[in-house]
Each structure stands twice: as structure tokens, then as C-alpha cells.
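Asks: If you want the building blocks of each chain, they are given just below.
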Amino acid sequence: MTSVRQMVQPSPIWRWLLLGQLRTFPFRYIFAVLSIAIGIALGFSVHLINASASDAFGDAVRNMSGSSDAQVAGATSLGFDEQLYGQVYNLSEVADVSPVIEMSAVLGESGARVKLLGIDPFRAATITPVLLGRQESSNDQSASRRGDQAALATNIAYLSDAAFASSNAKPGDLLTIRANGQTHDFQVAGDLPGIEAGQSVAVIDIAAAQWHFDRLGVLDRLDIKRSEKATQSSLTRAMQEMLPRDARLSGAENEIQKRTSLSRAYRVNLEMLALVALVTGGFLVYSAQSLSAQKRQQQFALLRILGLQKSSLQHQLLWEGLALGLAGSILGLILGYAFAYLILTIIGSDLGGGYFSGSTGPIDVTISALLVFLGFGIFTAIFGSFAPGRRAAALNPAQAIKTAVDHQEKGKQPIWLPGVALLVVAGGLALLPAVDGLPIFGYLAVAAVLAGAIWLTPWLARGLLTPLSRLSGRGIAFDLAVHHLLRSPSQAAAALGGIVASVGLMIAMVIMVSSFRTSVDNWLESILSADLYVSGGLVETSFDSKQQAEIAGLPDIADAEFSKTINISLDPKQPPVNLTVRPVESSQYDLPLIAVAEQRTAGIPVWISEPAARIYDLQIDQNISLPIGARGTPVYVAGIWSDYARQQGAIVMESEDYTVLTGISARSEIAISLQDPQDISAASERLKAQIRDIAGTEPQMSNAAGIRDIALGLFDRSFAITYGLEAVAIFIGMVGVGATFAAQVGTRVKEFGMLRHIGFGRREIIKMLAYEGLLLGIVGLAAGLLSGFAISQILVHVINPQSFNLTMKTAIPYMLLLGISATLLITSGLTAIFAGRRAAAADALRAVNEDW
Amino acid sequence: MPDHFPLILNSIAKTLPNGRELFADIHLSLSAGEFISIQGESGIGKSTLLNLAAGLDVPSAGEVIVAGQSLDGLSETALTALRGQKIGFVFQAFHVLPFLNLIQNVSLPAILTGDTRDLALEKAADLLDKVGLGDRTHSLVSELSGGELQRVAIARALVHAPTLILADEPTGNLDPSTSAEVMDLLTRTVKSTGAAMILVTHSAIDAASADRRLVMTATGMRDLHD
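The listed protein sequences derive, respectively, from chains A and B.
In terms of this note's numbering, the first sequence opens at residue 1 and continues consecutively.
In terms of this note's numbering, the second sequence opens at residue 853 and continues consecutively.
Don't read these hints as lab results, they were simulated from the structure.
Since the structure is predicted, the reported quantities are computational estimates derived from the model, not experimental observations.
Worth double-checking, as some hints may not be accurate.
[Stated by the list, open to error] Okay, derived cross-link-like pairs now, SDA-like style, lysine to any residue, Cα gap no bigger than 20 Å in a straight line:
no.: 1; chain 1: A; residue 1: 402; chain 2: B; residue 2: 868
no.: 2; chain 1: A; residue 1: 310; chain 2: B; residue 2: 926
no.: 3; chain 1: A; residue 1: 229; chain 2: A; residue 2: 130
no.: 4; chain 1: A; residue 1: 402; chain 2: B; residue 2: 950
no.: 5; chain 1: A; residue 1: 402; chain 2: B; residue 2: 998
no.: 6; chain 1: B; residue 1: 1043; chain 2: B; residue 2: 857
no.: 7; chain 1: A; residue 1: 402; chain 2: B; residue 2: 899
no.: 8; chain 1: A; residue 1: 564; chain 2: A; residue 2: 468
no.: 9; chain 1: A; residue 1: 402; chain 2: B; residue 2: 944
no.: 10; chain 1: A; residue 1: 310; chain 2: B; residue 2: 934
no.: 11; chain 1: A; residue 1: 115; chain 2: A; residue 2: 210
no.: 12; chain 1: A; residue 1: 402; chain 2: B; residue 2: 1001
no.: 13; chain 1: A; residue 1: 688; chain 2: A; residue 2: 702
Here chain A stands alone, though its shape is the one from the complex (with noise of 0.2 Å):
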């Protein structure tokens, strides 16, 4: 029995047997190495960004929140009543409290956005000093004070680097902030030195925010430190009791981990898109070795012969495997750092998802992240050496020395029932739920449908070309061809191993992301049904109920419906949902619902957005209450409408029960039916100007295709990445298709040889190959799309559902699939023409090193 000590100490054998394989077959390996690294490089170098976006942004917000215990936000972007400051501040478990205004804005004509804090400093000073200004002397540069802010006057703003770097302003200017749909000028009287690098924000008095602002009588923030005697779980108590509805306990890191909750899908996505890369590799290194195998299977009968044990010779492979991976790996992690470098230095960390705009930190390598990726591509790579060792280690000696034989029986029919035991463990993985948020089991399903594929391809191979073998009149070349690989189980399977694995995952991404896109390109067709839209455009613009009447009444327009959109937050834990006001019964542009209530029942309706509905477990009549007043709002769900715009999930309410909740009539888009749609541009112009006279503000006009195309611009951005992975991934399929026929063809130098010398040409033997070339590829193709279609059912319906929380319909692109399966075919023809000329050509001499 071999020991544990032979096993994981390599003999003298092993060494020289690996490193004399490398001499002589260089490529082989060189080829297999690669396959390895490229897909460690994509999702190492993907972590690698994400990590560095999300750390960036866990910074940011850390730091905004100073060394406060706690923090109450508002469950709405409305705020919270400036009562409740009072009240907190009473609390026995609160030793002081900092009252915050937090809103975005625009400064002066550069548009730069900002997040603007209105502060009490004298508060600030004790618990988030690091909002406090720093005043420029004008006299004196190198006079600088902490602390000065305390004296600040109602109309003094600092500005962060950044926020100076993009509005361009100077200490001592007189700069516009526009907010909330109000302007107002503010002397910049210096810089913020505890804001981080990278972080826009401009700070004011608060007094000066609520009064400039139309923020009177509200805030949006605590900042809370706790008293001494006070634990953090007796002050989240105490304030959890106190908190109106439009009030929420929330905290730095709870606003990283809902940032962090949006973008994990995206995040867990793009790393499983880069490891698919990797998976075929690791099938393109079991083709290979298994090819490998093949062509040393008298060696291997010698080395049994010799003495050597059965196991010893299997984890011969897998020492190779083991080699294998770790070169792979340790390349693909420095070209993965390489990547991830160059891509923030030279993109930015957002990765087109749009969760990270703005957040780029250091690349923070950790040991953890190392391991998981160096175990990742070692474990593929022995993974893919484990059956071509089984299979080596269980030939006869004494027959393999002799002659080399295919391990299969001839004549036997491949076992088909494991495959199908796969695919059905796949269906049933399937219908499993996400965990934790995270479609685990689907992508265990995409994983069984693989192998479950993988294991059918040598049934399937026969079930074709089965009844090619009685075609008669074909030529002797075509003949040979379909019996060799009728008659060579092994090598036909070890080829369409790679085949298969590349094939169908990369027909399955491309379905998914034409699914992904023909449903939101639809959608935006459903949605976008009025001629013009208005919004405010840089400057936060609203229209109060006279110019809303004013703008109604234009002669170019036919109906006018303005709306409003603001955040509110339904659970703590979770991003804040768009809240939508808007006409809705009365409205010429539907919604596109999926599911509405049969009957109207009492109170007020709202139509909640598909992801709001996955994510908060809502069903049509189900009623809920919305942090708006300090009671909240009882409502009940009317419908559910499909949304691909925002992942959070949102909700639409009539404009007429958000007017009587709130009181606030204001709103700041508008969708608008033209007089004369023929007529939009020239229209267009013409209401950007009446509407600048009635609003004060310059507009931001967009007509409907304008926004599709943006919007699907946007989507094509965000899938850019998603493009690239896919690319590699279909090249390292293409060369490893390749690669694989050569391997095969490399295998069989002596037969050609037999072969001319009983009168075969050598143009017979390349239409042999070729026509085998071509009848693997189409078996491959065969197996490649069904698996592919089968994979892309459960990305479209499983994956994306339980990461994203929206549904889309499967549309195939046939014309891409068309060229795809295409290329193969050319690519096998083609591969397997170039292989067998220089197999063709080589003498006895080559055939005994013959490389590939």
C-alpha cells in the first residue's frame, strides 16, 4: 500500500518524469499552464477591484461618521422632525448628539456635485471633528486654525480637496450651492483636511441649511455619542423605542453593508463569470492530460512493469495536475495583479456596475483571497488530471506495452445513466432558493448540467455517428474517420470533454446576456411612452403648483404629467427604495405591471417595482407602511411592475396622496405628450425656453430614444466587462478546440505512418482528419448547445432572479449562435487540416517526439 508519506513526497521519478515531459513536449503544458492563469488573472484581478471599490467606500463612510456610537437617519429623504433631536439628547444613555442637514447638491457653473452637510460645529467639534473647517488666512497662508468654524457665519462654506478640485473655486470666492431646489451663494472660507481624498463635500451652518435650503424645521441625521454608563445594545434599545417611523437607528457600517448587499450580486457575478474561464481551462487541462495519457501509455506499462504501484502512477498525473496549477496559478495571480492595477489606475474600481462610482482605494492583497484563488486553480487542475489518472492507472501492462489501447471496451455502449442522474440533481438544485442572498445552488446546477453533459457526450457521439458507420459510397477517408471514432471511445470523449465545457458555457452566456438585454430594451419601450421628458438637469429643480399649471398650459403641449422621486428606506439593513409620485389611474403612460389586485380595497394604493416585491416578500393587496410622517403611512400594494432600472426597488404613489401626506405639491420631472410629435425637435427647443422663464433654471429636455439609447448605453457599459470575460472565455475555448484536435492528432503519429506506407496519400489522411475534425466538432456543437441552452434556462431563470430580484424572457440570438457554432466547425475542420499535415509529414524519426 502506498503511504501518505509517498504520496505527498514526490520520488526522484516524479521529478525527472515531469520535468522530462517538459523538455519534450513543451507546449503541451506551456498551453495547459495558461489555461490555468488566465482564468485565475480574471477573477483575481476582479476581487481584486471589488475589494479595492468596496474598502474605498467602507473608508469614506467611516470616516464622514467621525468616532460617533450611533446614528439616526432619515427613513425618507423628506428627514425626520428636529424635535426628535431634543428628545435623543435627553436620552440617559447619550452623552451628546450632533445635528446634521446632509443633501446633495451642485456647486457654482461647473455643476460639480457635492454632498453638502449643514453642521452644528460646536456639536461636530466633539463627535465628528472631522467635518469641522479649516479657515484660510488671507494674509497669512500658513496661519490655519482647527476649530474655526465655530465662528462661522450663516453664509461660510468649506470645501473638501476634491469638491475644490471640481468646482474650481478658491478660498475667498463667492460660490453658488444649489439644493433641493433652491440657490444661494456662500464665501468659501476654507478646506475640510479631515475629509479623505476622493470625498466632494461641502459643509455650511446647519441654520444656514435648513433656512437657504427649504429644510426648516427638519434634519436627516444624528450623529450620537453614548454616555459612559450606557453599552451600545442599551443605547440601540433605548433609541429603538423612542424612534418615529420616519426615523431610522442606522450606523457606518450599516451603511456599508447595504451598499455593499446592492453590489454583491453584481460582485459574486462578475468573480463566477471570471471562474468560467477557469472551468474550462480546467477541462482543456483534463482533454489534455487525458491526450497525454494516451500517448504514454506504454511508458506508463513500462513504469508498471517496472514496479511501479497503481496508485503510485496515478498521482504520477496528479503530481503533474498539482504542477500545473500551481505554475497557472501563481502566473494568473501576478498577471491578475497586473490587471487589477492597470484597470484602476486606468478605468476606476466601478466595473461598469455603477455601485462604486467615485470609490477607488489601494489594492489590498490579503493572504486569505491569495489561498482561495491559489487553491482554486490547484484544485482545477488536479481536478482535470484525477480521471486520466484513474484511467492510466487501471490498463493492463502487459497488453499496453505492446500496443496502446483505449480503456473503454469496443463495442460497449457508454454508461449513460450517472449523466442523466446529473442532469436531473441539476433540475432539482434548481428550484432551490438563494442562501444568504446569493444563488449558490443555481450555480451548483449550472455545474451538474456540465458534468451530467460531459458524461452523455460519448453516448450522444454514438447515437450520431452510429448510423454514419452504415452510410456507404463515402470514400474510404470518411470511412476511417467515423470508425475511429466509433472505435475510440477514449480519445473522441477526451476531445469533446474540452469542446463541450467551453461550447456550452459560452452559448449560455451569450443567451443570457441577449435575454438581459432584449427584455430591457423592451421594457424601455414599455416605459418610455411620452415624447419629451423634463427634469432639472444639474441644477436640483422643482416646480411649485403655479408653474406646474404654467407649463401645462404651453401651446406645444397636449398633456403635462410631472412627477417627483425621493429615497425612503424600508428596512435599515436594505439600500433605500425610489419612492415614485406620479399620476398613476389617471395617467396616459401605463405602467408595465406584471400582477395587479383584482379589486380596489380601502386606503391608499401604491405599485411596487418587481425587485421591491423579491426583496421585501410582497404580494399584490398585502399592506404595508411607509416611513412617511412621524406615524408612518398605512398603503397596500395595487400592483407589481417590472423595473430594470433600479435594483433597490421602488414604489409608485399617486401624486394626489403624496400631496395630502406631506403637504408638498412640488415636483421636478415631467413627462410630456406634444401638440405635434412630428414636431419635437423644433418643440423641444421652444419649451427648454419657456420653461427656463417660468422655472428660473435651465432644463435638461430628453425625448424617448434619446433615453433608450442612453439607457441601454449604460447597459452595455455595465455588461462591458461582462463582454470581455465572455471573450477570453470563448478564446481560451477556440484555442483549447485546437489544441485538443492537435494533442489527438499528435497521438496517432505512427498510424498515419502505417497508413502511407499500405498507400494512403497524404491528402487522404488530411480529409481523414479533417472530416474527423469535423464530425467531433459537430457532435461537440451538438452537446455544447443543448447544454449551453439548458445552462442559459437557469442563469436567466434561477441566477439572475435570485441576484438581481428581476425576471426577463429568453430570447436567442440565432444569427450570433449561427456564427459561433460556425467558427467551431471551421476551427475543428481547419485545426484538425493543420494538425494532420505535419502528423502527415513526419518521418519515423519525429514520430518519436512528436509534440503538439
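We have chain A already, so just place chain B on it with the hints.
Replies: Below, chain B alone, put in the same frame as chain A:
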């Protein structure tokens, strides 16, 4: 069992999976240092007999005893270990690994039976010297002629000091002049180690150098001088 007999075949028979009886009731005892040759028509079962002696195949009936150890009922692992320790092989097609140099090729069986790398290489160098390749220990296989390759194979067959050498048509791929050189070398070297040897061959000249000449026929195995 007497362990001074490197090989005893006790009434062995072999029937192929298709039902054809290859041979039956074969008896053979090989003493230490004894050299026998076996001749016979193609397909008569000579190589199968060697496979049975090496534990690479299982007889349909009878018993194979190698160095006093009956192969009957031994596990695959035990058979492999016994083969590695007690038996050396010389093949018609040389079977020298092309990506290893000569000394590495020769040292393989010694390492497989547990010698340290240095000791195995020392033994291999010594044997390569004996077969006339002492100055080419680090040459690659591709640089050697057929005769030289078979010399390497002879050295490899002896490096782990086996008690039994099984040579299957060792001169089958060589010209007459080289065949004579190789046979002379094989006989001398094996004799010098005290190992017993079975030579399966079609060549009457090669067979003539054996201590005993046996012939396999459809009816069994007999001594050529009987």
C-alpha cells in the same frame, strides 16, 4: 517452498476469454543462475507464459511461484512489489523512456524498489559501465542506436539485482551482427549476477546460447534435445 528456485511453473494452463485454450499443464522449474530459451510459433503463447511468470497475467489453472512466493491470491499491490524486487525485463522494442538520460533510465527500477537516488544512480553508472556505455551516462535516448538502446535495457533489467530476468525477443529489432553482440553481453552480464533468465526468441542462434532449450507447441512444452 524452495526459494532457491527463482521460478516454478506448476501445471499451469491458460485459456483465452474467447474460450481458446492456449496451453495446459506446463511444468517448469528454473534454478538460480540457470538460463533457458523458449522457441515456438507466433501466437503459441510464449509471451503469455512470460506474462504469467511476471504476475502480469493470471493462469486459468496451476500455480506460479517466484523466488519461493506463490503468486496465487496475491493482491495487485503485492504482485507489483514482487515484480519490482525479483524480476528484470528486457523487451524487443527496448522501451527506454525518451525524455530521460541513460543513467536515469537505468536507475528507475532501483529507485522503485526503495534505493535512495544517489545509490540507484551509483548502481546504474556501474551497470552502464559494464554494458560499455560508461562514458555516455548523461546522453539522451535519441542519440543512441538500436544496439545501444538494448544495452541500456539490459543494464536497467539488472540494476535492482533481480533473481529472474525475462527477455522477450531482445534481438528481434536488431541486425544479425548487433544481435550477436547484444546476446553475448546479455548472457555474460546476467551470468555474472547469478540471476536466472528465460529468453523467448525466434532465433535459433540466440536460443543456442542457453543452458536449456525448450520448444512450445500446441501440445505443450518440451526440451529440444528430448
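Asks: Verify the proposed pairing of residue 402 (chain A) with residue 944 (chain B), using a straight-line Cα cut of 20 Å.
Replies: Within the cut-off at roughly 10 Å; holds.
Asks: Taking only the CA atoms, is the gap from residue 115 (chain A) to residue 210 (chain A) under or equal to 20 Å?
Replies: holds, 15 Å
Asks: Tell me if the straight-line CA distance from residue 688 (chain A) to residue 702 (chain A) falls inside 20 Å.
Replies: holds, 10 Å
Asks: Taking 20 Å as the top limit, are the C-alpha atoms of residue 564 (chain A) and residue 468 (chain A) close enough?
Replies: Measuring from Cα to Cα gives roughly 67 Å; hence the hint is violated.
Asks: Against the 20 Å threshold, does the CA-CA distance of residue 1043 (chain B) and residue 857 (chain B) hold or violate the hint?
Replies: With Cα atoms ~16 Å apart, residue 1043 (chain B) and residue 857 (chain B) stay inside 20 Å; holds.
Asks: Are the Cα positions of residue 310 (chain A) and residue 934 (chain B) separated by 20 Å at most?
Replies: holds, 14 Å
Asks: Would you mind confirming whether the straight-line C-alpha gap from residue 229 (chain A) to residue 130 (chain A) stays at or under 20 Å?
Replies: Violated. Residue 229 (chain A) to residue 130 (chain A) sits at ~26 Å, over the 20 Å cutoff.
Asks: Given the hinted pair residue 402 (chain A) and residue 998 (chain B), is their Cα-Cα distance within 20 Å?
Replies: holds, 18 Å
Asks: Starting from residue 402 (chain A), check that the Cα of residue 868 (chain B) is at most 20 Å away, please.
Replies: holds, 18 Å
Asks: Given the hinted pair residue 402 (chain A) and residue 1001 (chain B), is their Cα-Cα distance within 20 Å?
Replies: Holds, at roughly 17 Å.
Asks: Straight-line Cα separation of residue 402 (chain A) and residue 950 (chain B) no greater than 20 Å?
Replies: With Cα atoms ~17 Å apart, residue 402 (chain A) and residue 950 (chain B) stay inside 20 Å; holds.
Asks: Given the hinted pair residue 310 (chain A) and residue 926 (chain B), is their alpha-carbon gap at most 20 Å?
Replies: Given pair residue 310 (chain A), residue 926 (chain B) holds - Cα atoms ~15 Å apart, limit 20 Å.
In terms of the numbered hints stated before, the structure departs from hints 3, 8, listed from lowest to highest.
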